[in-house]
Every structure is written in C-alpha cells, then in structure tokens.
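Using the sequences and the hints given, assemble the complete structure.
There are 2 protein chains.
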Amino acid sequence: MNIEVCYSPQSYHLFHKPEAIVVVIDVLRATSAITTAIFHGVSKMIPIATMIEADEYKKNGFMVAAERNGEIVDGFDLGNSPFGYMNKKVKGKTIAITTTNGTHAIEVARKAKRIIIGSFLNLDAVVDYLKKEKKDVLFLCAGWKNKFNLEDSLFAGAVANELVNKHDFATICDSTIAAIELYKLAKHDLEGFLANSSHRKRLAKLDLERDVKYCLTPNQCPVIPVLEGKFIVKG
Amino acid sequence: MNIEVCYSPQSYHLFHKPEAIVVVIDVLRATSAITTAIFHGVSKMIPIATMIEADEYKKNGFMVAAERNGEIVDGFDLGNSPFGYMNKKVKGKTIAITTTNGTHAIEVARKAKRIIIGSFLNLDAVVDYLKKEKKDVLFLCAGWKNKFNLEDSLFAGAVANELVNKHDFATICDSTIAAIELYKLAKHDLEGFLANSSHRKRLAKLDLERDVKYCLTPNQCPVIPVLEGKFIVKG
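Note that the protein sequences, when read in sequence, are chains B and C.
Each residue of the first sequence is one higher than the one before, counting from 1 in my numbering.
Each residue of the second sequence is one higher than the one before, counting from 1001 in my numbering.
Rather than coming from a laboratory, the hints here were simulated on the basis of the structure.
Heads up, a few of these hints could be off.
Restricting the straight-line Cα-Cα distance to at most 30 Å, the calculated cross-link-like pairs of lysine-lysine (BS3-like) are [as the list claims (entries may be wrong)]:
hint, chain 1, residue 1, chain 2, residue 2
1, C, 1230, C, 1059
2, C, 1205, C, 1089
3, C, 1111, B, 145
4, C, 1132, B, 147
5, C, 1147, B, 111
6, C, 1111, B, 147
7, C, 1017, B, 147
And the structure:
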C-alpha cells in the first residue's frame, strides 16, 4: 500500500485517487475539535465550507460552530476549541461546523470514497484503522489558507512513520519522506518544536495555550470520525 | 528582512510580494544547468514555458534546449544536463530553454521585480547576494509537476539557514522552518538523504547519476544568473 502526503487543499487534485483513504488533518484545531466531539458523544457533525451555509443551518435550528482566523464568529455558540465539545449540552446533538481551513479541506476531498478525520488525539486509532483497511492512504493537511503548516505535516509524518516502519506500507513521495523526517525530529518535544510555528504564534496571541497543549497530547480520544454522506459520524 | 519558501509554482500567488527577491530553484536540474551555462560563458538564456515556443525559437535559428520528464526532447541538441553547457559550442551564445518544472517556475514569478537563479552550484554566491541586497526573499521551489520535492526544499533551507543564523533575516513561515530543519538533517550527506527521493529515483533510471552528483556539490559555479526582461544573464 502506498502513502502520500498533500500539504495543501489547493494541491489535492494532484493527489486524488478515488480508492485511497483520505485522512484530513487540521491539528490546530478543527480535526482535534471534531475528534473530541465524536469521542465525547456528539452524534453527528456536518462540515460546511462557507459562512452562508452556517447562517442557513442556524436559521433551520441547528447547533452551529463557526470559526474564522482562530476566533468564534460573532453570533455563534461554538468555534473550534475542543473544550467546547466536552459538555452535556452537545451530547447526542448534530452540529454543523465551518472553520478557516479544516472544513475546506474536507470539502475539496469529497470525491474520495473514504474520508476520515485525524489528529494527535486519535493517533494510534488512525494507525490501527489504516493497517486494518490495507488501502492506499492520502494524508490531506489543511494547512493555513492553502499554505504548508508544521503541525499537520507532523501528524501525517507520525502516522506514516508507523505504517512504513511496522506495517506493509511504502512511499515514493517526497512530501511523505519530509513529513516523516520532521516528525522524527519533533516527536520527543512536539510543543517545543512548534514553538516558532506560525499558527502556534497566532493562537498564543489569542490566549489559546490550553487548546494547543491539549491538541498536541496524543491518544486522548481513541475514535475514528468518518465522513458518511454529509455527516461525520463515529466509524 | 523576511524569508518565505514556496514549495510549488502552483502556490506562488499565495506568496507574491513584488518587492521580494525571488530565488527560483530546480536543483535537478534546470537551475543547475542555467547556473552552469552562465558560469561557463553562455551569454544569455531565454527561459520559455512551452514546446510551442521552443519550436518557434528553433525555426528562428536559435540554439534551443528542451527537456521533458528528464530527457532531451527529440530534435533538440540540449536538455537540462549541466554537462551540455560546458563546451565551446555554447560559449557566447544565446540559448532558449524549456524544462518540465524549472522554466515553468520562472514563468509564474514573472511579476516579481527581481528573479535570480539558485542551485547548490552557486550556494555561497546566492547567500552573499541576498545579504548585500537586504530585501525580503522568497524561495520558489520548482518541485515536480507542482508537487513538493526534497532537493529544492533542501537548497532553500541551506540559504535560509545561513541568512537567519548569521545575518539580519527572520522568518515566521512554517515552510521555511521545515526547509531549514530538513537541511540541517541532510547537510552532511545530501546524496544519502536524497537516496530515496522521488526525482533522484527518476534520474537513476535514466542513468544520470553523474548529473546528480554534480548538482549536489556546492559552489562549483560562483555566479548569479538574473532575469532581465526575457533574458537570464550574469548578474
């Protein structure tokens, strides 16, 4: 089985293979929030790309999460802080969600037959899932406004490293090799390695250090959120 | 002064700043060939993007280099092997050149006020040039058909590492941080590090190991090729 890493939603069309499992990654914070939500009992999430859709869902009585540039959009109850998805209010609910990068990444990969949600919070679960499925894997990093980012690449590297070293996966893809090498450099101190990263700085300004620490701590939510039609559900 | 690294010509528009100096990089092999040519006495090179233009220039009596997928296009005398540009036949000549990735990268950056050509062959010359110019720098990696590649990123990391550590340059760009970290990992054995890279394998199949070794040996051609209008000339 072959592994590739796509660093930006903009480049997805260069990597698209319908049969490959696409792992969408937006560590800070959309896919961490979604993983947390599904683990803590949110029933379904509906990823949507635009604020127009967000308003529409809100009008129709849905609970809606909306984040742009790291902050909750005015008039909405939830953003992409994982801590917003840990309380009783959201349990059993269906929540529509739009974020700066993560939901856009899900949107561009819609043509793929299988899309799952990855984050450090479900790292080992993702590895287990992929090794059981035995299919080609494409990691799609949400990045930041279509630019490369470090934290998403590190997660792709973390999973790829396991699959290549311990299971029957291989890669001839330079971005996968780079992601693995970067992860091996960073793995003993993810927070330290990311201290100078652009999005880490963005979030520090917004006083979101608690979120960052949480999102970088592996395996707190052993669950696989899977896209089924328009819903993300527990896989 | 600020440094950014763009991993793919496709993403150039996300990074475009007219005042920044753009360093176009296609280590294997277009910018290595151009650096070699200008160093060994080729008077001017005309980077062209398409085979249609290549045919046109040929009809008009120009010497034309044309490479696609690592090989010289049938009917043309030169490709992008640097060794083709070291002999008397090309000295003082004007040569039009089109390659799979490198000339495409030059094309997308045309709006920049200054474009220079970088490769390991002129590594120190590029560092010196940029530190004297004291302007923002954008490294534009040609990559492979708009995908990330390792060797171009490593060169960007090599120059960025020097500029950030020893001179008044800084970066808040994740792709620059990644390129620097990858270069620091690879610098003592570039060839070894690239042994599994995709393009290295492509060229090995074409029996171009001599080209690879040459292109990865720094500072053999201390010259700065600069784009002036439609020509690349000695800067």
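Structure-based check of each hint:
Pair hint residue 1230 of chain C plus residue 1059 of chain C holds up; C-alpha atoms about 18 Å apart against a cutoff of 30 Å. Using a Cα cut-off of 30 Å, the hinted pair residue 1205 of chain C and residue 1089 of chain C holds, with the two alpha carbons roughly 28 Å apart. Between residue 1111 of chain C and residue 145 of chain B the CA atoms are separated by roughly 22 Å; this keeps the pair inside 30 Å, and the hint holds. With a CA separation close to 29 Å, the supplied pair residue 1132 of chain C and residue 147 of chain B stays within the 30 Å bound.
For a cut-off of 30 Å, the pair hint linking residue 1147 of chain C to residue 111 of chain B stands: about 20 Å separates their Cα positions. Using a Cα cut-off of 30 Å, the hinted pair residue 1111 of chain C and residue 147 of chain B holds, with the two alpha carbons roughly 20 Å apart. Proposed proximity of residue 1017 of chain C and residue 147 of chain B is supported: the alpha carbons are some 15 Å apart, at most 30 Å.
Figure legend: structure checked against the earlier numbered hints; every hint is met.
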